[in-house]
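Undergrad: Assemble the complex: chain G is given as a structure, and chain E with the ligands must be docked to it using the hints.
The listed protein sequences correspond, in order, to chains G and E. Residue numbers for the first sequence follow my numbering, beginning at 1 and rising by one. Residue numbers for the second sequence follow my numbering, beginning at 1001 and rising by one.
If you only want the chain G side, here are some residues facing chain E, beta carbon under 10 angstroms, derived:
1. F209
2. L225
3. G233
Pair ranges (Cβ atoms, derived):
4. G:T20 <-> E:F1060: 37 to 47 angstroms
5. E:L1092 <-> G:T138: 17 to 27 angstroms
6. E:R1360 <-> G:R135: 31 to 41 angstroms
7. E:D1131 <-> G:V238: 33 to 43 angstroms
8. G:G328 <-> E:R1360: 44 to 54 angstroms
9. G:Y131 <-> E:R1360: 26 to 36 angstroms
10. E:E1175 <-> G:L332: 42 to 52 angstroms
11. G:F136 <-> E:L1092: 27 to 37 angstroms
12. G:L332 <-> E:K1179: 42 to 52 angstroms
13. E:A1266 <-> G:T138: 23 to 33 angstroms
14. G:T138 <-> E:A1134: 27 to 37 angstroms
The hints are simulated quantities; they were obtained by calculation from the structure and are not laboratory data. Remember, predicted model here, so these are calculated numbers, not experimental data. Backbone N, C-alpha and C fix where the C-beta goes; we use that ideal spot for every residue, glycine too.
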Amino acid sequence: MKKLKLEWLKAFRAPLIAVTIGLFFGGVVMAFSGTNPITGIIALLKGGYGSTYALVTTLTRATPILFAALAASLAWGSGYSSMGAGGQMVLGALVCAIIAPLVPGPGWLVCLVSIAAAVLTGMAWSLLSAYISERFATSLLIITLMCNYLADGIASYFTTYVFKDPFGVDASAIQTQKLTVGVLPKLIGTYSLHTGFLLALLAAVLLWFVSRKTRFGYQAKMNGLNVNFARYGGVPSVKMMLLTLLICGGIAGLGGAIEVLGTRLRYVDGMITSPGYAWSGIIASLMAGNHPIGAIISSIFLAGLTTGGATVERQLGVASEVTLIIQGIITLLITAQLVIKWKKGEKS
Amino acid sequence: MLVEMKHITKRYGEVIANDDVSLALEENEILAIVGENGAGKTTIMKILYGLEHPDAGEIFIRGQKVLITSPRAAMAHHIGMVQQHFMLFDTLSAAENIVYQNEIRKGIFFDHKKTNQTVLELSQSYGLPIDPQAIVQQLPIGSQQRVEILKILYQQSQIIIFDEPSAVLTPLEVEELLKTMKQLKAMGKSLILITHKLQEVMDVADRVIVMRQGKVTFESKVTDTNVKELTYHMVKRHLNTRTLKPQNPGEVQLELKHISVYGNSAKKELDDISLCVRSFEIVGIAGVSGNGQSLLARVVSGLLDSDAGELFIKGQNLTHQSVHSIRQAGLSHVPDDRYLWGSAREATLGENALMGFEYRPDFTQKGILKSQKIKHLTNSLIDRYQIKADEWQQKMSQLSGGNAQKLVVGREFEQNSEVLLVNEPTRGIDIGAMEFIHQQLVEKRDNGCAILLISSDLNEIMTLSDRIIVLFEGRINATFVRGEADARQLGLYMVKRYEEIET
Ligand SMILES: Nc1ncnc2c1ncn2[C@@H]1O[C@H](COP(=O)(O)OP(=O)(O)OP(=O)(O)O)[C@@H](O)[C@H]1O
Ligand SMILES: [Mg+2]
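Isolated chain G (complex conformation) (with noise of 0.2 angstroms):
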């Protein structure tokens, strides 16, 4: 039992490691651009996490982190290299900002079916890209980084020429019309936090339960962890990846569908692509070694390093891309430790 709990703590060294030199290289650049490391280091994290606002802010941008986290935990942990949250999640925002005007009837209903609208749309999306995976024997990866940039551009199409705003006051926003009802109760007073961030608490958990502790959970981990020893012992293979990449693109389509009935209360351009948040989420996904749990955390931490960023710039006059470089270290030494640990199974 002692040893287990140890195996459990040694999860967090490598991230931990990776954070501590992506803060420290974060600490060079701004030295270099005159700021005192210490002072702006303690600026980021306070700026991050330091007080009411900064926290609930961060908990707020975490929210959609955390869904293309979970989705990527799935599909990754499963060992499909889906690169497909962004997609998915811009289909089911828009969707959902789509059809929810169109819902009559109380508020409760209006969400649940523009959530709903939502998830199946992200679930199309992903089986759309499983299918020509699979068919054309093409990577997983590369379809679905394609299948991305047509997301968006389909997005954008829709919101520049088919649903714009009619009643909106800047006519040159790209906007779908704002909800009224519908839209997702605040958890604190006025701040930004939304139920949405419950949901995605509640996700993980569920996640969490059903990779850890139901069969299908455990058929696609070994399918994740060794695809010739799961179909020697019977796991259905095609089955089983059309399945683990239908929920993947149904957590994403929900996270999509959740930033606009708790955020911005309509589909903007770019709203999900410009802030990075599919990315994030699958960085915050490998940090967390793909662990639902886990990726709460990260999820948070990434979240956290934005806002921080955006004090930092505004109190010390430090450019907010030095959260980019960061993270963007931190991204370099875990997909580095990914290659070597991927090597390391090839050789043996």
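TA: Using the frame of chain G, we list chain E with the ligands on its own:
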């Protein structure tokens, strides 16, 4: 004294893999290390090769104390190791693999011509023939091993460690290997050989060490000992010789009708295989590995679709059916490669033990795993098959090779299915455990199980099989009933078409 390892201790958590081990290797000798699975043989050699670091103890080379922190450092001391799982790049050529990390360059470019030339000369000077340009993954296992050995020789190693080198080789390849080892010794090298095959020790080694539970418990000159004594020191008991009680075979449980697999070449890889296995019998498939055995196993287990022919299990036509339906119909399968097919190294013992059981109501309810039951299953496997393990949630990769094999074998045996496909069940297993597994197989047969046993170990085939089928070049070359053919005769049918023998 060439190498001295003094008072080496190595722990993994609570497990003591090496407990105050001291051993020495003399100039120009072959030292054999034998012992039960998990005795610590691989660990002590990994320490010498710099792959693991001891918690205590010292290493001396020619009297000088050395610190070996990595395989690179070992290389600098002219120590090389042929590991049980080859460390080759499959898609590169033999020559590229051999010079890896010591590339021959022309300016900044890799000099292919000179590399191939050098490797060719190297292989000729040691009498280890190899085609420098051959791609590694297309080479038979025996040649891949030769590439490993040449790589080590290219690094000018004087001390060469072999960890169970013969486990995956065909008998002919083993003979070649033993010859090579003797020849290397004649050229002034010093060798360490880890093996479970005591006859190999008697054939090539000068001195032998027995390890047991992390300690060296016996040491002798080979000329002063014998297989029986070594066996006793390894397992601390005397082993029985096995005799098969005659049984009347029952109904046909497994049947193959005209199974063929075409493959890419003009010659069929499996050619018109028809055979049946009845309950209360063990049918042995003998043959030099690479003559269709692994394809046959994959067809029977559903991992590979045959191009022609039919497969029946308990009368049910299962041609082109999934692995799952075949397992449901009552087949369990011990695969020939425990890490490629038989397990997920990064998963826990429990997760590895569960495979194939995950649809049984004992272990899942409405799709939810019953972890207490899985724990119980795993622990009972650990007990019954004497797997040296800490606890059921440790990683598979932490088990020694033989213990991992025991878990895979045990898992499939405990399915208690009526048809059993066993492919090389005792690969890497010590003689005590081998005896146990053989006994289990015989018991299963006596209880009515239908067993198809594939093995490249002729002894295993001859002691266990009621009928023997010899596979050669993908065809059934001969069929014998128990006692009808001796090893020499079987050996002949393993290397020559029957048309040539019988005319
Ligand atoms: N990385 C590891 N983590 C934990 N325990 C380990 C690790 N490697 C080896 N062990 C344990 O150390 C002991 C000795 O292992 P080792 O591999 O040296 O055995 P071995 O004598 O080579 O056995 P085999 O004949 O099965 O190959 C075993 O009990 C094994 O479980
Ligand atoms: Mg070993």
